[in-house]
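Trainee: Protein chains in written order, with the working numbering: chain A, 445 to 753; chain B, 72 to 374.
The set of hints was computed from the structure by calculation and includes no laboratory data. Just to be clear, a hint being listed does not mean it is correct.
Stretch by stretch, here's where chain B covers chain A in the computed footprint (C-beta under 8 Å, at least three residues) [said to hold, decoys possible]:
1. 477 to 489
2. 578 to 589
3. 690 to 699
Backbone N, C-alpha and C fix where the C-beta goes; we use that ideal spot for every residue, glycine too.
Read off the chains here:
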Amino acid sequence: MTIPDDYLQYAQRRYGMDHDRYDWSMLSDRKPVTWPNGARVALWVVPALEWFPLDMQGKPFKPPGAMQTAYPDLRHYTLRDYGNRVGIFRIMQALERHGIRASVAVNAAVAIRYPSLLKACVARHWEVIANGQDMDNLHHGGLARETEKALVANTLQTLRAASGQPVRGWLSPAKSESAATLDLLREAGVDYVCDWVNDDMPYPMRAAGGTLHAMPHPVDIDDYTILVQNHHTEDDFRDQLCDQFDVLYRESQTQGGRVMAISLHPWVIGQPYRIRALEEALAHVMGHAGVWAATGSEILDAWTAAQPS
Amino acid sequence: MRDPGLYDYLPYDQRPQIRWPGGARVAFWVAPNIEFYEIDPPRNPARAAWARPTPDVLNYSYRDYGNRAGFMRLFEAMRRCNMRGSVSLNVAVCEHHPEVISACADAGWEFYSHGTYNTRYLMGMTEAQERRVIQDSIDTIHKHTGQKLDGWLAPALTYTDNTLDLVAEMGLAYVCDLFHDDQPGPVKVKKGRLTSVPYSLEMNDVIVYNVNLVSPRRYADILKRQFDRLYAEGEHSGTVMCIPLHPYLVGQPYRMAAFEEALSYITGHEGVWLATGREIAQHFNDHSYDAFAAASQPVGEAP
């Protein structure tokens, strides 16, 4: 094995990032943001409505929640569908208790397969954001640009027609993007993307058609990671959500508004033995003064209005 | 080779006594790894940088969280505990994020090298190539911080057979790459004098969070248990406890409070020397290195 000498050359070694999609800045150095009515923490709840096809190919990799056994993997297929049939309604009830409206990330396939579920979300004045076509259509570097462009267009067309909403937000399945995804999303009228996990506040990103924004949407404190992947208990999940809030809330006292995003998978958190963890965490968060439960678009618009022009 | 031959055998109960400054029982140090992972680095034949196809937006941005958000949260918690850091530095961060470097430098933190980028690996390099990487670290840290480079933790824990010989020959004093002990010890190198300073994978937040998948409050418990035992044993001969950290992990809001509680517990004890890697290595070199070398037992040749 030999290493070519150009392995020791660093073309992007310079101030800032090693790409041009966004500028480098430290969260603590930015101008403090105040949320509407002087709120300190914007609570953003993002359940995902997912459909994993039984014959999924898992290309170029299997997304979290993919089929696992030999075909036909009825056990995982039906357990994922549990979220759309049962689990999501437990989440709806938990949120309604506090008047929280979610931004629901929807596979276009779910809107087509279960139109009444999408209507139930819209009737609750939830924001619908796009979560791609389905969990077996990942956006990745191996896709031809035209293929990906059609995937974006079809997904948004389906969800916009079904929801009657502009569908301004986008979460890629498995948070996977190609090098062109941001450009295609901007061209299709998407205002914010939830794939990047490098910040606790919105920030602008450069795309071919103009600016769009990254919204803070974490991967490591969601229900799937904590409960399924890490095998933590329900009480542990509740404690981590509460600890997350407490640190952000304390920080907001000196550094300005923060966003606390809670990413949920109804087939995980919507199980009878787990839902109380969410209920208790929401009670903790909503028990504080200065918490603004909002949708992604509302948070982004408030953040944009607070930026120096 | 079957045995890297880096140290002789020295059983825990037959050692010269280590006396830390002020009669401290434990030399305690905290080593934040301040890293830069490139979004599209050249491929080392032995290892791909990312799990997913390029661009691996998820994993790239997860690491970037450390510099944008996590670092300052950790920095403030350490400041509240009067704890200086010993930065395990991908030296290209000096160019990419000088704000992070100056915050550490102004607080009196030490910088040691963790390679150039965490996406450039050493395995497969010729001796000349590896010398260039080490020299780059020496020069970059001196240029941006004024500090002499004394310590080494190989980038992404990647090595050649020459790595430790080269860092010793090029004037570094200590390495964090060996996990065989709870006290410093001599490293057998061809030229120069090199000390192994205990670093610990067990206490490392990457292992704790990404491999062992523990909860933040459990991590705090692990840290306290580790400290309690090393503190008790340190009554007889000084021990070392290191907490290696990564701001993208420990700096997440849901993990920060539990960590700070553990850090405050440790630094709140009497008889704990709040040190840097360089200070520990130097004290060991000046007072214990020769005695440890003399007491060491040669290792027999396995059949």
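Trainee: Where does the structure disagree with the numbered hints, that is, which hint numbers, in rising order?
Mentor: 1
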